[in-house]
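Undergrad: Okay, here's what each chain looks like letter by letter:
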Amino acid sequence: MEVRMEVPMEVPMEKWMTVSKQAGFSRRRLLRAGLGAGVLVSTTSIRAWEANQLDLLNRFYDQPPRLDDAVRLKIPALAENGNSVRLQVEVVSAAEQLRGIEIYAPLNPEPLLARFQFSRFTASSNVHTRIRIAAEQDVIAVARFADGPSIAAAAHIVVTEAACLEALI
Amino acid sequence: MRCLLLFCVLPGVVACHMPEGSEPRATDVSQSPVLPLSGLEFQSVDVQQLQADDFANPGMLWVDRGAALWTVAEDDRSCADCHGEAERSLRGAAASLPRVRDGQLVNLEGQINRCRERQGRADLAYDSEMMLALSAYVAHQSRGMPRSVAISGDAQPFWARGRDYFYARRGQLDLACAHCHESYVGRQLRGDRLSQGQSNGYPLYRLEWQGLGSLHRRLQFCNTGVRAQPFAAGAQPYLDLELYLAWRGAGLSVEAPAVRR
Amino acid sequence: MWKARISVPSKVSPGTAVTVKTLIAHPMETGFRRDAIGAAIPRDILTRFEARFMDEFVFGADLHPGIAANPYLSFEFVPPASGTLALMWRDQRGQEVRETLSIEIAAT
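Residue numbers (the working numbering), protein chains in the order written: chain C, 156 to 324; chain H, 4 to 264; chain V, 60 to 167.
Excised from the complex, chain C in its bound form:
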């Protein structure tokens, strides 16, 4: 199962080379296959909320937020381990009116992952953290404002499972 994605490398692979050039098998093939895994992708990967997502959002908000590109949510498209997945979120407009950002993973045992609050000192709403993902799903970021309705973005993530599971449960 190889995942090929046409996205730019964030860190040159040459930085990690610890061996000579006489690799016995195609290192480039290996690197290309690994390229797609783990690179942050910024997309609103859905155009409209699905039913289960609406159920979740209706629990937390008076009305479901509108999907908007102003919310930039970046997570890897493919994560090797669901225990620790990099996440970056930012709202690129009307920063002064921004009250908070909430992050949800609807298919996690507890869907609300975090709430962030900002102040007049925060330069931007750019927040980086690492989250847990229980299963393949859309991660949702909702931005709340002092004035106006909430807006949101969703990004899809696939989590692969280890070959040999340490815990038998």
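Everything labelled a hint here was simulated from the structure, so no lab data went into it. Wrong hints could be hidden among the right ones.
Straight line, CA to CA, 25 Å or less: simulated DMTMM-like cross-link-like pairs of lysine to aspartate or glutamate [to be verified]:
hint: 1; chain 1: V; residue 1: 80; chain 2: H; residue 2: 57
hint: 2; chain 1: C; residue 1: 229; chain 2: H; residue 2: 195
hint: 3; chain 1: V; residue 1: 62; chain 2: H; residue 2: 84
hint: 4; chain 1: V; residue 1: 80; chain 2: H; residue 2: 56
hint: 5; chain 1: V; residue 1: 80; chain 2: H; residue 2: 211
hint: 6; chain 1: C; residue 1: 229; chain 2: C; residue 2: 251
hint: 7; chain 1: V; residue 1: 70; chain 2: H; residue 2: 56
hint: 8; chain 1: C; residue 1: 229; chain 2: C; residue 2: 316
hint: 9; chain 1: V; residue 1: 62; chain 2: H; residue 2: 88
hint: 10; chain 1: C; residue 1: 229; chain 2: H; residue 2: 167
hint: 11; chain 1: V; residue 1: 62; chain 2: H; residue 2: 195
hint: 12; chain 1: C; residue 1: 229; chain 2: C; residue 2: 291
hint: 13; chain 1: V; residue 1: 80; chain 2: V; residue 2: 150
hint: 14; chain 1: V; residue 1: 62; chain 2: V; residue 2: 103
hint: 15; chain 1: V; residue 1: 62; chain 2: V; residue 2: 158
hint: 16; chain 1: C; residue 1: 229; chain 2: C; residue 2: 210
hint: 17; chain 1: C; residue 1: 229; chain 2: V; residue 2: 109
hint: 18; chain 1: V; residue 1: 70; chain 2: H; residue 2: 57
hint: 19; chain 1: V; residue 1: 70; chain 2: V; residue 2: 103
hint: 20; chain 1: C; residue 1: 229; chain 2: H; residue 2: 211
hint: 21; chain 1: V; residue 1: 62; chain 2: H; residue 2: 132
hint: 22; chain 1: V; residue 1: 62; chain 2: H; residue 2: 90
hint: 23; chain 1: V; residue 1: 62; chain 2: H; residue 2: 57
hint: 24; chain 1: V; residue 1: 70; chain 2: H; residue 2: 67
hint: 25; chain 1: V; residue 1: 62; chain 2: H; residue 2: 77
hint: 26; chain 1: V; residue 1: 62; chain 2: H; residue 2: 177
hint: 27; chain 1: V; residue 1: 80; chain 2: C; residue 2: 251
hint: 28; chain 1: V; residue 1: 62; chain 2: H; residue 2: 130
hint: 29; chain 1: V; residue 1: 70; chain 2: V; residue 2: 150
hint: 30; chain 1: C; residue 1: 229; chain 2: H; residue 2: 57
hint: 31; chain 1: C; residue 1: 229; chain 2: V; residue 2: 121
hint: 32; chain 1: V; residue 1: 62; chain 2: H; residue 2: 67
hint: 33; chain 1: V; residue 1: 80; chain 2: H; residue 2: 67
Based on these hints, arrange chains H and V on the given structure of chain C.
TA: For chains H and V alone, coordinates are given in the frame of chain C:
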């Protein structure tokens, strides 16, 4: 449920794709049978970047703890009292372990415990918080240095037993280390791309463990993965294997604390 | 108690954004895992992170079990003047870890 699935899937994969006469064999002693590739090259970009980030690498939390413990006196004596600054005195120490001392094969955890015994203190368990902190701190002082262990003379019998362990089938799945880590390197095993099983990153932060762990903990996991009875951490078979793995990965840089999935 | 790593430039130009990176050692035990004999491992998580500059609230986060173990958090702010940045992590029992550091605005 999951272990059943692995039991069903894996033998089928191996039985169908194992070519004739390609049973892994021990090879010439003079050089490693593989061109060493660090496990880092088999990780996703995210994991590679996390390892490279000296601030965000979670393994550095244990290195910090080790640095703090280095100067804490137990019974009026701290590590620093004898060793001074670890950056100077222990640079390169981890890169040449395990080695034979007084007829015994000693790895990093073993050497830390030998020091403790000399001070009249109790041994630390391999994956205890204190041992992880100290071993991460000491191994970290050799980061970037190539590994180089002696396998001749006193070390030869240990190396030979480690090599035999690496090529011996074991467990319900009847697999040797060499099946995954030599014959099928680079191939996909469910979500994982099989690495060479190198040990140059230990002790390392494993996302699966959500914490730092020793090589022996990983070897126990490898054993349960093929449904073989694991040994206790520090057991002789693991020490012998550790020497063989260090020789097999000669030239790879110490990466402690590495990050792996 | 829990060891924290903090990365902040100690000297900044006036009006520039400062990126504050934090990493703290904590298992963030979710409460959903079970041990080898099937008993639930109790929840033990950090629930709150707060950053204050000269006692004024700058940035906060409510943390839930879905935050990864050994939580990494980074945010950006513009310090209005030289002063002390106070960071606080609190767990579900109300225990706290506090760290303070100075940020100096370099004279132009």
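Undergrad: Evaluate each hint against the coordinates.
TA: Structure-based check of all given hints:
no.: 1; hint: V:80 / H:57; result: holds, 12 Å
no.: 2; hint: C:229 / H:195; result: holds, 23 Å
no.: 3; hint: V:62 / H:84; result: holds, 24 Å
no.: 4; hint: V:80 / H:56; result: holds, 12 Å
no.: 5; hint: V:80 / H:211; result: holds, 24 Å
no.: 6; hint: C:229 / C:251; result: holds, 22 Å
no.: 7; hint: V:70 / H:56; result: holds, 22 Å
no.: 8; hint: C:229 / C:316; result: holds, 21 Å
no.: 9; hint: V:62 / H:88; result: holds, 21 Å
no.: 10; hint: C:229 / H:167; result: violated, 47 Å
no.: 11; hint: V:62 / H:195; result: violated, 32 Å
no.: 12; hint: C:229 / C:291; result: holds, 15 Å
no.: 13; hint: V:80 / V:150; result: holds, 19 Å
no.: 14; hint: V:62 / V:103; result: holds, 16 Å
no.: 15; hint: V:62 / V:158; result: holds, 10 Å
no.: 16; hint: C:229 / C:210; result: holds, 23 Å
no.: 17; hint: C:229 / V:109; result: holds, 23 Å
no.: 18; hint: V:70 / H:57; result: holds, 21 Å
no.: 19; hint: V:70 / V:103; result: violated, 36 Å
no.: 20; hint: C:229 / H:211; result: holds, 22 Å
no.: 21; hint: V:62 / H:132; result: holds, 13 Å
no.: 22; hint: V:62 / H:90; result: holds, 21 Å
no.: 23; hint: V:62 / H:57; result: holds, 16 Å
no.: 24; hint: V:70 / H:67; result: holds, 24 Å
no.: 25; hint: V:62 / H:77; result: holds, 21 Å
no.: 26; hint: V:62 / H:177; result: violated, 43 Å
no.: 27; hint: V:80 / C:251; result: holds, 22 Å
no.: 28; hint: V:62 / H:130; result: holds, 18 Å
no.: 29; hint: V:70 / V:150; result: violated, 31 Å
no.: 30; hint: C:229 / H:57; result: holds, 22 Å
no.: 31; hint: C:229 / V:121; result: holds, 20 Å
no.: 32; hint: V:62 / H:67; result: holds, 8 Å
no.: 33; hint: V:80 / H:67; result: holds, 16 Å
In terms of the numbered hints stated before, the structure departs from hints 10, 11, 19, 26, 29, listed from lowest to highest.
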